[in-house]
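K.L.:
Sequences listed follow chains A and B, in order.
Read in our numbering, the first sequence has 159 at position 159, and its numbers run on one by one without any break.
When you read off a place in the second sequence, starting at 1, and then add 502, the result is the number in our numbering.
No wet-lab data here; the hints were simulated from the structure.
Heads up, the beta-carbon is just placed ideally off N, CA and C, and yes, glycines get one too.
Heads up, a few of these hints could be off.
Here are the in silico distance ranges between beta carbons for each label pair [claimed, not checked]:
(1) D212/A - K630/B: 22 to 30 Å
(2) L720/B - N418/A: 19 to 27 Å
(3) E145/A - G669/B: 42 to 50 Å
(4) S49/A - N839/B: 32 to 40 Å
(5) G128/A - L720/B: 25 to 33 Å
(6) T820/B - D212/A: 41 to 49 Å
(7) L24/A - T820/B: 33 to 41 Å
(8) R179/A - R829/B: 52 to 60 Å
(9) N839/B - K102/A: 24 to 32 Å
In silico DSSO-like pairs for lysine-lysine, Cα to Cα no more than 27 Å straight-line [what the hints assert, rightly or not]:
(10) K159/A - K242/A
(11) K321/A - K364/A
(12) K26/A - K74/A
(13) K712/B - K74/A
(14) K538/B - K573/B
(15) K833/B - K871/B
(16) K479/A - K368/A
(17) K664/B - K58/A
(18) K573/B - K630/B
(19) K479/A - K407/A
(20) K376/A - K440/A
(21) K56/A - K538/B
(22) K27/A - K776/B
(23) K270/A - K56/A
(24) K27/A - K538/B
(25) K102/A - K538/B
(26) K74/A - K42/A
(27) K270/A - K159/A
(28) K470/A - K159/A
(29) K102/A - K664/B
(30) K26/A - K664/B
(31) K18/A - K364/A
(32) K159/A - K56/A
(33) K18/A - K153/A
(34) K573/B - K692/B
(35) K664/B - K27/A
(36) K823/B - K664/B
(37) K823/B - K776/B
(38) K630/B - K74/A
(39) K89/A - K903/B
(40) K527/B - K833/B
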Amino acid sequence: MSSEPIERRVSYLGDRLKSSRCGLCKKEYFEVRDYCGDCGRKSFGKMESIDLFYEKGKLELCTLVTEPTNKFMKLENYVYGIVSFHEGKIRVPGRLTDQIVKDGETVDFSSLEGREVVPRFRRRYSVGRSDVVPTISLAFTLADEYYPHQEYKVVQPSKEYDTPGIVGYAFYTSRFRIREGSLERSVPFIDEDAVTAAVESGKLALIHSGVDSALVGKIYVGSESNPYAVKPIASKVAQVLKLGEEDGDTQGVDAVDTEFACKAATSMFKDAASLVNYSKSDIKYAMVIGADNSQAAPRGCPGGELDAFVGYGGSAFIFGKHDVLAEIEGWYSVTSDTPDFWRRDGEPFPMHGGRFTGDPAYFKHVRKAATKLMEKLNVQAGDVDYFVTHQPNPQFPVKIANELGFKDEQYAASLQINKFGNTYSGCSPVGLASVLDIAKPEERILMVSYGSGAGSDAYLLRTTSQIVDKRHRQKLSVKYQAENPFVEFVDYTTYRRLKLGM
Amino acid sequence: MIFAIQEGKKIMQNRPAIVAVGRTKFGEHYGKEPEKLIEEAWLTASRECDLERRDLEACYLSDCFLPITNKLGLEEGFLSELTELHVPMEVTRSVSAALLTACHAIRAGVYNTVLVGGIEKMTDRWDKIRDDLMLLEDPWSYYAGGTPEANHELLLRAYINKYGITGENLERLNVALAQVSVKNHANAAKNEYAHFRRKITVGQVLNARKAARKSLGLYDFAPISDGASALILTSEERARKMTDKPIYVLDCSSATDYLNFTARDDLTHFTATKIAAKNASKMAGVAPSDMQIVEVYDQSTVMEMVSLEDLGFCEPGTAWKSIYESRPEEKGYYEINGRRVFVNANGGLKADGNPLGATGGAQILEIFKQLRGEAGERQVDLGQGTLRYGCTSEFEGFGTKAYVTIFGRE
Numbered sequence: 001m002s003s004e005p006i007e008r009r010v011s012y013l014g015d016r017l018k019s020s021r022c023g024l025c026k027k028e029y030f031e032v033r034d035y036c037g038d039c040g041r042k043s044f045g046k047m048e049s050i051d052l053f054y055e056k057g058k059l060e061l062c063t064l065v066t067e068p069t070n071k072f073m074k075l076e077n078y079v080y081g082i083v084s085f086h087e088g089k090i091r092v093p094g095r096l097t098d099q100i101v102k103d104g105e106t107v108d109f110s111s112l113e114g115r116e117v118v119p120r121f122r123r124r125y126s127v128g129r130s131d132v133v134p135t136i137s138l139a140f141t142l143a144d145e146y147y148p149h150q151e152y153k154v155v156q157p158s159k160e161y162d163t164p165g166i167v168g169y170a171f172y173t174s175r176f177r178i179r180e181g182s183l184e185r186s187v188p189f190i191d192e193d194a195v196t197a198a199v200e201s202g203k204l205a206l207i208h209s210g211v212d213s214a215l216v217g218k219i220y221v222g223s224e225s226n227p228y229a230v231k232p233i234a235s236k237v238a239q240v241l242k243l244g245e246e247d248g249d250t251q252g253v254d255a256v257d258t259e260f261a262c263k264a265a266t267s268m269f270k271d272a273a274s275l276v277n278y279s280k281s282d283i284k285y286a287m288v289i290g291a292d293n294s295q296a297a298p299r300g301c302p303g304g305e306l307d308a309f310v311g312y313g314g315s316a317f318i319f320g321k322h323d324v325l326a327e328i329e330g331w332y333s334v335t336s337d338t339p340d341f342w343r344r345d346g347e348p349f350p351m352h353g354g355r356f357t358g359d360p361a362y363f364k365h366v367r368k369a370a371t372k373l374m375e376k377l378n379v380q381a382g383d384v385d386y387f388v389t390h391q392p393n394p395q396f397p398v399k400i401a402n403e404l405g406f407k408d409e410q411y412a413a414s415l416q417i418n419k420f421g422n423t424y425s426g427c428s429p430v431g432l433a434s435v436l437d438i439a440k441p442e443e444r445i446l447m448v449s450y451g452s453g454a455g456s457d458a459y460l461l462r463t464t465s466q467i468v469d470k471r472h473r474q475k476l477s478v479k480y481q482a483e484n485p486f487v488e489f490v491d492y493t494t495y496r497r498l499k500l501g502m
Numbered sequence: 503m504i505f506a507i508q509e510g511k512k513i514m515q516n517r518p519a520i521v522a523v524g525r526t527k528f529g530e531h532y533g534k535e536p537e538k539l540i541e542e543a544w545l546t547a548s549r550e551c552d553l554e555r556r557d558l559e560a561c562y563l564s565d566c567f568l569p570i571t572n573k574l575g576l577e578e579g580f581l582s583e584l585t586e587l588h589v590p591m592e593v594t595r596s597v598s599a600a601l602l603t604a605c606h607a608i609r610a611g612v613y614n615t616v617l618v619g620g621i622e623k624m625t626d627r628w629d630k631i632r633d634d635l636m637l638l639e640d641p642w643s644y645y646a647g648g649t650p651e652a653n654h655e656l657l658l659r660a661y662i663n664k665y666g667i668t669g670e671n672l673e674r675l676n677v678a679l680a681q682v683s684v685k686n687h688a689n690a691a692k693n694e695y696a697h698f699r700r701k702i703t704v705g706q707v708l709n710a711r712k713a714a715r716k717s718l719g720l721y722d723f724a725p726i727s728d729g730a731s732a733l734i735l736t737s738e739e740r741a742r743k744m745t746d747k748p749i750y751v752l753d754c755s756s757a758t759d760y761l762n763f764t765a766r767d768d769l770t771h772f773t774a775t776k777i778a779a780k781n782a783s784k785m786a787g788v789a790p791s792d793m794q795i796v797e798v799y800d801q802s803t804v805m806e807m808v809s810l811e812d813l814g815f816c817e818p819g820t821a822w823k824s825i826y827e828s829r830p831e832e833k834g835y836y837e838i839n840g841r842r843v844f845v846n847a848n849g850g851l852k853a854d855g856n857p858l859g860a861t862g863g864a865q866i867l868e869i870f871k872q873l874r875g876e877a878g879e880r881q882v883d884l885g886q887g888t889l890r891y892g893c894t895s896e897f898e899g900f901g902t903k904a905y906v907t908i909f910g911r912e
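Pulled out of the complex, with its shape left as it was, chain A reads as follows:
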């Protein structure tokens, strides 16, 4: 797409699959319509806006595309067809994503036709390096596979808490993995990136929380792999998830991206919690997302040592004071100017300080933030049920946990590095999500993030009874994604190809 206004319009309609329904005859149309073709003039002003973004569709017909148009070349082979919604009232074109169809492999179309599919927010197609990144939700996956359909239902909150905290959360990663030794790492599909992971995790967090997206007044997205040097991920998330009050094509929400290596998201937890707690603010909820397609140079190149540990995924947390599932009891942050990992502007891959990233960087900051917070709140290691920290490799978190006096049963549940790799900004958050997935009410969680550059945020959380009440809305839990039978393992070459994206 060479025209930015066209790109804006296609994304505006296609990202949410905006559609219209005639208020008189109930006929439905894909795209926004001011009037109904059947009812004519009398339907002006009576068209209802409906989105298909949270709906479940049906793959009516499909075929295989083996010779795509130029912009889809990097997808190689894919299934493409017609998807219907609302018992066939609306039909849209769509492709199945998250599928690798090898050259020469045949696809049984009749085994796919008639099956339920879920719209997925993805990159639309390839463009030049200086172009706007096009997105669309006319990409679908089968509802009975990795990504199940979940209804988004707004739930009226039942209780207001004195202390703000987490009211909903989610972790999202793709269904692809690479396995090397005992380490499994998540690999994005070729049409995924930090933006799509941010949107998908935000969508799942809204579903989990039951919070009305119109009440989310602030969105922070922390990432170090934004496809843009300038243009926020948060604005895309705000528009696609309709955060804040919708007025025409703008959203009444404040959206901002943050950057501090792997703690870009966790740093904002306290800001989000403080914001919803400010008496003069009318912001009821604030969302924080950490999402990364963790970057690493190929093996054998400078910075290539990171390639053995990088993952892909996004974690989203919604903060508020209503129906809180984990209250924030306190926090402590430390920062020092420590260049242990960095990426210069314009460079595709980060560089790494080698041994310097250990003692003077990771351990020093995590240790300090954790001990300071425990001192401040007068908490001993034994008083905490779960310890969560940043996981750049399998050894570091275990070493620091032991040093701080935590036992295996306190930190084992949070270790996700072996399943998803280091998801950078989403890394300590996925640890937190995995603990929240299993925690009982009135349990205490100590989370200490780490971001190179360098700093750590330590938080002490206490779960409430809501954590159990909301669990049924979390189909795509961390464990579900880690142990999903539809996970597909790819080889190293495929992993690099998928990771570099469209």
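Let chain A serve as the given structure and place chain B on it in line with the hints.
P.N.:
The following block gives chain B in isolation, referenced to the frame of chain A:
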């Protein structure tokens, strides 16, 4: 202008007539500029009826992609330069559309002699033309990853599902579609202007599908071509002075459908063709299904099959049976209701070629030659009776605009 009252209706007597046609070979014209192609087509046509360019009162030119493929906007200007004419000129996207507009002008008595032409130079943008085509035809499908071929494939699957074609019948349908391609290639072998002048076999068509892992393969689809076509359209009165065998345009009708194929009510047929065919037969007094020769828009073999139904030759869901039982790959025609029906005698888009903006001109040329009995090796043999009428059916996009034009001789 003479008006007559017929059954209470005003009928204008200025019947438009074609007096001459011309075209270039379709295919890859690597070394020829677009203007050379249209010049070649025009010269053939003008020579045929001994017409000078200054005799033209207006020009109707069609092209789909010249502004994109050859960076030629305002095509009227370059045609004016080429012809040194300053007459009115209009650009449409298909020859049928150009002819329709020209016919209106002739009927209304505005002009007596006009040029209708078409030109396309798609291979100049070989590497990007499929993206252009798809974006033009159906933007949302393009954004979702669709290809021009995928829509044909989906239409075929919808057809098979709707009419419950399974087992042996499905095999027959697959063979029938292959027969369409084989027949068209055989016809093109006799057409000196055709893009592909070689015969193929049913086996080749089927193998190409196997290689593509789909119901349709390489031999089911029309190619991308360069080419130009031209015809001279005059009023009936003028035509009689210029030739003793004018071919009259009895009517041309057009209809439209949604851009987005997936949103259409009917995924198995082209509603626009059905409407255009109905309207054209009303005006012409003969229906396309009365014809024994038609040129249909076979961007794919499926399109030819479905067109037989849309034009009324076969009941919906049965054309494949008629095709299969006709053995057209041997005979060159379909046998429908005991009559021979010749479809795409020039080889169709499949083998004659498909330079979008010029394609309709090749269809009209074929009907023109056949009705005048000048088609040479390709001249159809009806077995019994004489050829009086012919019909063309053309699309813009994937059934988004349909044109049905009915021609007749004296």
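K.L.:
Each hint: holds or not?
P.N.:
Here is how each hint holds up against the structure:
| no. | hint | verdict |
| --- | --- | --- |
| 1 | D212/A - K630/B: 22 to 30 Å | 45 Å, violated |
| 2 | L720/B - N418/A: 19 to 27 Å | 48 Å, violated |
| 3 | E145/A - G669/B: 42 to 50 Å | 30 Å, violated |
| 4 | S49/A - N839/B: 32 to 40 Å | 51 Å, violated |
| 5 | G128/A - L720/B: 25 to 33 Å | 31 Å, holds |
| 6 | T820/B - D212/A: 41 to 49 Å | 55 Å, violated |
| 7 | L24/A - T820/B: 33 to 41 Å | 39 Å, holds |
| 8 | R179/A - R829/B: 52 to 60 Å | 57 Å, holds |
| 9 | N839/B - K102/A: 24 to 32 Å | 48 Å, violated |
| 10 | K159/A - K242/A | 25 Å, holds |
| 11 | K321/A - K364/A | 33 Å, violated |
| 12 | K26/A - K74/A | 40 Å, violated |
| 13 | K712/B - K74/A | 23 Å, holds |
| 14 | K538/B - K573/B | 16 Å, holds |
| 15 | K833/B - K871/B | 20 Å, holds |
| 16 | K479/A - K368/A | 30 Å, violated |
| 17 | K664/B - K58/A | 17 Å, holds |
| 18 | K573/B - K630/B | 14 Å, holds |
| 19 | K479/A - K407/A | 21 Å, holds |
| 20 | K376/A - K440/A | 25 Å, holds |
| 21 | K56/A - K538/B | 54 Å, violated |
| 22 | K27/A - K776/B | 24 Å, holds |
| 23 | K270/A - K56/A | 36 Å, violated |
| 24 | K27/A - K538/B | 51 Å, violated |
| 25 | K102/A - K538/B | 45 Å, violated |
| 26 | K74/A - K42/A | 47 Å, violated |
| 27 | K270/A - K159/A | 21 Å, holds |
| 28 | K470/A - K159/A | 13 Å, holds |
| 29 | K102/A - K664/B | 30 Å, violated |
| 30 | K26/A - K664/B | 26 Å, holds |
| 31 | K18/A - K364/A | 49 Å, violated |
| 32 | K159/A - K56/A | 31 Å, violated |
| 33 | K18/A - K153/A | 18 Å, holds |
| 34 | K573/B - K692/B | 35 Å, violated |
| 35 | K664/B - K27/A | 23 Å, holds |
| 36 | K823/B - K664/B | 15 Å, holds |
| 37 | K823/B - K776/B | 20 Å, holds |
| 38 | K630/B - K74/A | 15 Å, holds |
| 39 | K89/A - K903/B | 24 Å, holds |
| 40 | K527/B - K833/B | 25 Å, holds |
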